[in-house]
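Chains A and B supply the protein sequences, listed in that same order.
Under the working numbering, the first residue of the first sequence is numbered 91, with each subsequent residue one higher.
Under the working numbering, the first residue of the second sequence is numbered 361, with each subsequent residue one higher.
Derived from the structure by calculation, the hints contain no laboratory data.
Idealized CB from N, CA, C, for every residue including glycine.
Any given hint could be a false lead.
Below, a list of computed lysine-lysine pairs in the DSBU-like style, where the Cα atoms sit at most 35 Å apart [stated by the list, open to error]: (1) A:Lys781 - B:Lys582; (2) A:Lys421 - B:Lys582; (3) B:Lys582 - A:Lys321; (4) A:Lys906 - A:Lys843; (5) B:Lys363 - A:Lys321; (6) B:Lys426 - A:Lys849; (7) A:Lys781 - A:Lys186; (8) A:Lys206 - A:Lys649; (9) A:Lys422 - A:Lys143; (10) B:Lys582 - A:Lys319; (11) B:Lys502 - B:Lys363.
Reference excerpt, derived from the structure (chain A facing chain B, CB under 8 Å, subset only) [unchecked claim]: (12) Ile115; (13) Asn146; (14) Phe152; (15) Arg155; (16) Gly213; (17) Gln309; (18) Ile313; (19) Gln332; (20) Thr337; (21) Ala409; (22) Arg410; (23) Ala414; (24) Gln418; (25) Ser811.
So the derived label-pair ranges between C-beta atoms look like this [unchecked claim]: (26) A:Arg840 - B:Glu416: 21 to 27 Å; (27) A:Arg926 - B:Leu539: 32 to 38 Å; (28) A:Pro688 - B:Lys502: 32 to 38 Å; (29) A:Trp480 - B:Leu539: 48 to 54 Å.
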Amino acid sequence: MAEQTFTNLTNAGPVSVTVRDDKIIRVRPLAADPDDFKPWSIEADGKTYSPPKKFNISPFAFGERERIYSDNRIKYPMKRVDFDPNGERNPQNRGKSEFERISWDEALDIVSGELKRVSDTYGPSAISGMTSSHHNWGIVGYKMGPFWRFFNQLGFTPVFDNPDSWEGWHWGATHTYGFYWRLGMPEQYDLLEDSLKNAEMIVYWSNDPDSTRGIYTGQDSAIWRQWLKEKDVEMVFIDPFQNYTATAMEGKWIAPRIGTDTAMALAVAYVWLSEGTYDKDYIESRTVGFDNFKDYVLGSTDNKPKTPEWASQESGVPARTITALARQWAKKRTVLSAGARGGEGGACRQAFGTEWARLMVLLQAMQGLGKPGVSIWGTTMGAPFDASIWFPGYADPDGKMSTSRAADRQPKNPTPQRLYRPDVPDAILNPPYSWLGEGFCGQSLEQQFIPYTYPAEGCSEIKLWYRYGGSFMGTMNDTTKWVDMYQSPKLEFVINQDCWWQSETRMADIILPACTHMEREDLGEWGTGNGYTQHASNGCNFRVIVRQQKCIEPLWESKSDYDIFSALADRLGFGEDFTEGKTDKDWAKAFFDISDLPEHISWEEFDEKGYYIINVPDDYEPTPSLRWFAEDRNCDTPDLGNPKRTSNEANQLGTYSGKIEFTSESLSEHFPDDEERPVSPRYIDSWEGHKSPLADKYPLQLLSPHPRFTFHTHYDGHTPSLDDIPGHRLKIDGYAYWPARINPEDAAARGIKDGDIVKLYNDRAAGVLCAAVITGRVRPGIIHAYASSGVYDPLEPGEPNSIDRGGCVAMLTPTKLMSKNVPGMAPNSCLIEIERWEA
Amino acid sequence: MTKYSMIVDVDKCTGCYACFLACRDEFQGNDYLPHSVAQPTSTDSMAGQNWIRVEETERGTFPKVKVSYTPIMCQQCEDAPCIDAATDGAVYRREDGIVMIDPEKAAGQKAIADSCPYDLIFWNEEKAVAQKCTFCTHLLDKNEQPRCIEACPVAAIQIGDLDDPNSVVAKAAKEGEQLNPEFGINPLVSYAGLPKKFVTGEVIVKDGDAEECVAGVSVTLKSDDQERATVTNTFGDFEFDGLTADSNYTLVISHDGYAPIERTVKTESDVNLGVIELGIG
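Looking at chain A on its own, in the form it has when it is part of the complex:
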């Protein structure tokens, strides 16, 4: 039978999907017509840099076919065998008991019946639920789509997301340079061109862009770093792990102890202050509060000068190396590659990570942030980009079917109660629970200071938990607590809706099989959700909007999320309001119609051809990030979220003063006496670090960054070929273990050999079994094991304190928040011990 080719889009790039006999046989990077590409070019030092006409998708996306046909798919609606909605519910057996297949009718009756019962009995606030990030792509079917439209209509208690990948920037850097509308990340416009033309050195500080890949932008930026390497731009990598960007780029590797980056940063400032090698004019005209900072660094206030020798004792990095780094940094036009997409390493996700993130901004301020070659640039965004054509992303209000103009009506959730993701189990198990801030605080700095308590006044505790996707065992902290929560009788009913059996699927009473983005109709832009990261697709060499064509019918008995929620809405009496009579393809067209795309291509042609490439115009004028600020001009970048951009304060940053604040005016006003996020950044000993008393018992520090070969937990556990990549999993006696990297010195002291099964443990977790990888790529005293294992595999299923052999090292990490008034999570402040495991 003839083959057919469809277009689709993954969270890692656009693809062409070949189908034969109703079966996907190939998934390759989108094979666009070469005539549709008009590559941009950048001239620098007599050389022209231009990208090849291709889309570089992330490695795991090549496993899409395996993932879709995985035996691990949820094939049918399922019910836990000992769950009876009209009798014994046996919540204590969640995670333990088996499941039996039921019909869709029975499943939908039970789920809609429970939604109605709980809402009628306790009020809609008793219903809560949450999606996981990014397991599929598209606007119509994305997690922000049907789920929110359904629950806004029904009424529920939403869960605030925390900025789990870049906490310190969100809660810290915003009080230094604003950019709260980007959740603490700076704008990145045209920094590729600026760096090719002007950068002489790049300091990657806690940043592995070759692994984190600008979140969604695949491997398009890999060639940019290759160009910079070929240009002999000097590169320095600061990370306790010699990460993959460092191994690819070579350069200087500096490996501090976890929790001491801030001390090193202060010592860099000390060298500049004592040698006078900083931009005094810039400090004078573009910043405020410098003297307070200067006094602290020089030790005038605490008699403790923050010298390289002092920082060396904290970090374990030789003082001479810190001094050499500081001098070279001051001498050369230096890009600080920390923060911004892909810069989301461990240093901002640990105790007092706010202080490090603030210092990153302040160090660059001392060198003239925004001047040519002096930027904060993750190296994964900032290609030439036509921002004049608008297309909605999943995080834009207009990109969500619950709030978009593409819908006739936008249902509003009436419930004032909220939960906060890092501490959902603590809140549900032990209310009342209080915290500060609205999670993603993209509307104002003050949003970070709003106090919340669960249960909210007049609201119910949560009785029904609707989980969509299920990866928190591998991504949240101290995740044993999630098992405890699931087994609590407080949760009368738990649903899990997903495509695959994931870490939390088994914790449900009813399981609903959803289909993937290749089994439904949708559309989307590669590389961006917009919202609080406007124009993130400038991390791609070509901006491309893809019609996500349904390639095959939903496999087994799975259904699209849209169809599942339509069916539930129908049973609850608001089916017509939910769908507005639209199919998923009708919604796709409705989103297309509100975008700027119809000015460039008709729906019919787009639908047929499957994609539209938005090329950069010939007369493109670059507007490098923050150049306007350095030169005290009005903002000229297309940073749509910047509220001052169109005001008469358009030359200002989003801080209270409008300038870079060495002493934060927003913190001075709201928390003047906070010793843990002081008005000017300080080095504070970690509450779980190398000097903690707990280090006697658990002397090793666990570093658990974002993984290289999967996207969060996604693709892991149901893409078998990934298990054949030794950096991802290592097979021992046929079982694919998660690697834990250990320095030879620490391994020898414990009699651990390469390839041994080892147990990582502390007081929070009885043990996580991993495969030992003995390597000089980690400094002594550090264990490197990626977060985000997608496999939770307790040796005793359903036993919260069981040893896990799936590699969910998140079980070891603390739920303690970053500091007293900072609700960021801090997984990299984690002490453990490790030993050989003999079954």
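We have chain A; now place chain B onto it with these hints.
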């Protein structure tokens, strides 16, 4: 005539394994007769055929560590042992130089799978046939790129015509290295940047307790047949890479105003001389 080969630049390879996964996507469960029969799928008991594999090599010791990734696909040997091991012409060379296994003729010939010293031919028990990388001839014949090359984000793998003197592979082949030349079978795939031994160290001066990195220090490395020179960088680091294993070298560090320092090193493994302090005579 066309004579296809590939050039692999190990210095460019980032170890992303996109080539490996793209290859699996193309061949698992998919027949491309007469080019190839389907590779077992990942859930199959015979899973695990790596028609292209990526080898990780870690060299050196903390904190002077280097990691290389070497993608290895069918090497298209001029003296291919697989052709010799086959009967009935079951392994043959196409006119464009690509070595192919004829799935029909090769039926039952396990000797073919056992013949490759690079371990790049696999035995499919169920179909009783030997299988390997085809350079994606089924795509090449339609003027499309092999999947590994399409997948590579940094052009670390390139294909071209050795008989075309202007092709990238022909140029690279002149300076390129062979993988395991000791096999003596003349692989046509050529490599740049295959990991060798390296010698490194860090030069400092002391003033009391204070230490300082010294940039611009001359360092030479001599053996019987060669001499190489470098200078230390801003961190006082120097490095000589690309050295032959098990060779003896004399390393000399000299800097104005300080006494020269001489060390003998043997590249049994990579050598990190650690911190070397300059002194006055």
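Now the hints, each set against the structure:
1. A:Lys781 - B:Lys582: With a Cα-Cα distance of about 46 Å, the restraint between Lys781 (chain A) and Lys582 (chain B) is violated, given a limit of 35 Å.
2. A:Lys421 - B:Lys582: Satisfied, since the Cα-Cα distance of roughly 34 Å is no more than 35 Å.
3. B:Lys582 - A:Lys321: holds, 29 Å
4. A:Lys906 - A:Lys843: Satisfied, since the Cα-Cα distance of roughly 33 Å is no more than 35 Å.
5. B:Lys363 - A:Lys321: holds, 33 Å
6. B:Lys426 - A:Lys849: With a Cα-Cα distance of about 28 Å, the restraint between Lys426 (chain B) and Lys849 (chain A) holds, given a limit of 35 Å.
7. A:Lys781 - A:Lys186: Violated, at roughly 40 Å.
8. A:Lys206 - A:Lys649: holds, 22 Å
9. A:Lys422 - A:Lys143: Holds, at about 34 Å.
10. B:Lys582 - A:Lys319: holds, 28 Å
11. B:Lys502 - B:Lys363: holds, 17 Å
12. Ile115: Holds. Min distance 5 Å.
13. Asn146: holds, 4 Å
14. Phe152: holds, 4 Å
15. Arg155: holds, 6 Å
16. Gly213: violated, 47 Å
17. Gln309: holds, 4 Å
18. Ile313: holds, 6 Å
19. Gln332: The hint holds - Gln332 (chain A) has a Cβ within 8 Å of chain B, the shortest such distance being about 6 Å.
20. Thr337: holds, 4 Å
21. Ala409: Ala409 (chain A) check passes; min Cβ-Cβ to chain B is 7 Å, inside 8 Å.
22. Arg410: Where the cut-off is 8 Å and the nearest Cβ of chain B is about 4 Å from Arg410 (chain A), the hint holds.
23. Ala414: holds, 4 Å
24. Gln418: holds, 5 Å
25. Ser811: For Ser811 (chain A), the interface hint holds, since the closest Cβ of chain B sits about 5 Å away, which is under 8 Å.
26. A:Arg840 - B:Glu416: 21 to 27 Å: holds, 24 Å
27. A:Arg926 - B:Leu539: 32 to 38 Å: At roughly 36 Å between Cβ atoms, Leu539 (chain B) and Arg926 (chain A) fall inside 32 to 38 Å, so the hint holds.
28. A:Pro688 - B:Lys502: 32 to 38 Å: The hinted range 32 to 38 Å holds for Pro688 (chain A) and Lys502 (chain B), with Cβ atoms some 35 Å apart.
29. A:Trp480 - B:Leu539: 48 to 54 Å: holds, 51 Å
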